[in-house]
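Asks: Chain by chain, the residues:
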Amino acid sequence: MSYLIECKNLTAGYEGMPVVKDLSFNVSAGDYLCIVGENGSGKSTLMKTLLGLRSPLCGEIIFGDGLKQTEIGYLPQQTAAQKDFPATVREVVLSGCLGRKGFSPFYSKADKKLCDDNIELLGITHIAHRSYRNLSGGQQQRVLLARALCATRKLLLLDEPVSGLDPMVTAEMYEIISKLNREQGVTIIMVSHDLQGALRYGTKILHMESGAYFFGTTAEYRSTDIFHAMSTCDCHCTCDHHTGSKEVR
Amino acid sequence: MPEIFQYGFLLRALVVGLLVSLCAALLGVSLVLKRFSMIGDGLSHVGFGALAIASALNLAPLQVSIPVVIVAAFILLRISSNGKIKGDAAIALLSSSALAIGAIVVSQTNSATDMNSYMFGSIMAISNDDLALSIICSVIVLVMFVLFYNKIFAVTFDENFSKATGVKSGVYNTIIALLTALTIVVGMRIMGALLISSLIIFPALTSMRIFRSFRSVTICSAIVSCVSYIIGIAITYYADNFPAGASVVVANLGMFLIFSLLGFLLRKKQQ
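Protein sequence lines, in the order shown, are assigned to chains A and B.
Taking the numbering used here, the leading residue of the first sequence gets 1, the next gets one more, and so forth.
Taking the numbering used here, the leading residue of the second sequence gets 1001, the next gets one more, and so forth.
Among the hints, a few may not be true.
Cross-link-like lysine-lysine pairs, in silico, BS3-like; alpha carbons within 27 Å at most [claimed, not checked]: (1) A:LYS101 to A:LYS21; (2) A:LYS101 to B:LYS1168; (3) A:LYS113 to B:LYS1269; (4) B:LYS1168 to A:LYS109; (5) B:LYS1168 to A:LYS68; (6) A:LYS112 to A:LYS179; (7) B:LYS1034 to A:LYS48.
Just so you know, these hints were derived from the structure itself, not from any lab.
Build the full structure now, drawing on both the sequences and the hints.
Replies: Here it is, written out as structure tokens:
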């Protein structure tokens, strides 16, 4: 069986300083992989390396099944500049189509159709002409998901998609992602602080801690020491800076 | 005002100024949203240094300053993205150094009137030779902007997403810098090194008071900018001794205040 993404002994970091060391894991079509771990364990570095925003220091990332690096749909964390950015929902979603277009300057009919389909899929047709900056956090995430789906239908990489959302919207967001995974066959890689959500929805877990990695199915993960350490530590350290989306175990 | 066109320099200033206003307004939307507002200011000071040296050496002003300012734009972008010296500090360094060098050169060669015209612009600065080059530059900026409009939007809104999905964001950032450099060099003769950056910043901010989509903000900026320029030149023509660049900036300020008020009233009405 061929993998969509296979990481072999990957070392990645900034300016020669390795943050991720000797990491191996793989992603198959249809997987729902959650990457969890402490701050500073290299989750964002790994993600940027997967996206091709940085090159690996050592080791390799192999894309299989006809996947190209630029065919990863990406849901980034929101930036400060976007808070007052004047743009309609449709303008933002359409921009997801640009990656494929090379130097061709304008959107085609097919691009616009794809954009409207994805807007419908995520249930935001009624706000398609509203301004992005006036939407709620949950609505903005849906818009960015629709944009990512315009870029690809194969694989989505989500960077903390529920951070800063209230519990109800968080649950909605998880349902949407799960539905995309089950019904549309979109492979999901999600970087998350929310361990409970990761365990409930993910099929595979990559746990990152400086120097120690775990990669396996969610069930395997539950029986590891690393998980027990993490879930007890959760009580002290992560509940206070999150928005209550996490139950204490 | 038919007699206004009897003066060749006025007509030239009107044509070049309108084109520059248009270009600056279009690019300004992206620059303001990318938090690069000060780049215009930095580049115009570099332009001043280049102009001063060119006139001291009796060289054609535009032919010297265009390449110099383009190089400065590349350096500024490179420094901002590499992050050793932060973008705003890099701009301050470059602009004050260029200003200082320019001031020394001017003091050794020309009179104080020239200094004044470099700093605050002169409506008589555009010669017939400059006119042709200015028009060519402006047309290049306009055509490139229209062709790359969608990419400029994507790179402005979310650079990482664009890069990850295969948009060559480095190329488009470079294009934005190049076009900005061209616009500034062409415009700073009329507007002056100290005032040209307002053409970039004001129209975008003014439009954002009212409009909510990128397209409408862009179109409105273009219109606001041109209207402000015409008002500014009219003030200069009808009021004695009003400097052109300053009048245009004041017209822009007026527009900004009007739009702010309108935006405030609109929001109030919606609530």
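Asks: Look at each hint and say if it fits the structure.
Replies: So, going through the hints one by one against the coordinates:
Restraint check: the Cα-Cα separation between LYS101 of chain A and LYS21 of chain A comes to about 35 Å, which exceeds 27 Å; the hinted pair is violated. Simply put, LYS101 of chain A and LYS1168 of chain B have alpha-carbon atoms about 11 Å apart, close enough for the 27 Å limit, and the pair holds. Annotation: proposed proximity of LYS113 of chain A to LYS1269 of chain B is violated, straight-line Cα distance about 35 Å (limit 27 Å). Taken as a hint, the LYS1168 of chain B and LYS109 of chain A pair is honoured in the structure, with Cα atoms around 23 Å apart against an allowance of 27 Å.
With a C-alpha separation of about 15 Å, the suggested pairing of LYS1168 of chain B with LYS68 of chain A holds against the 27 Å cut-off. Of the pairs offered as hints, the one joining LYS112 of chain A and LYS179 of chain A holds, with about 23 Å between alpha carbons and a cut-off of 27 Å not exceeded. Simply put, LYS1034 of chain B and LYS48 of chain A have alpha-carbon atoms about 21 Å apart, close enough for the 27 Å limit, and the pair holds.
When the structure is compared with the earlier hints, violations turn up for hints 1 and 3 and for no others.
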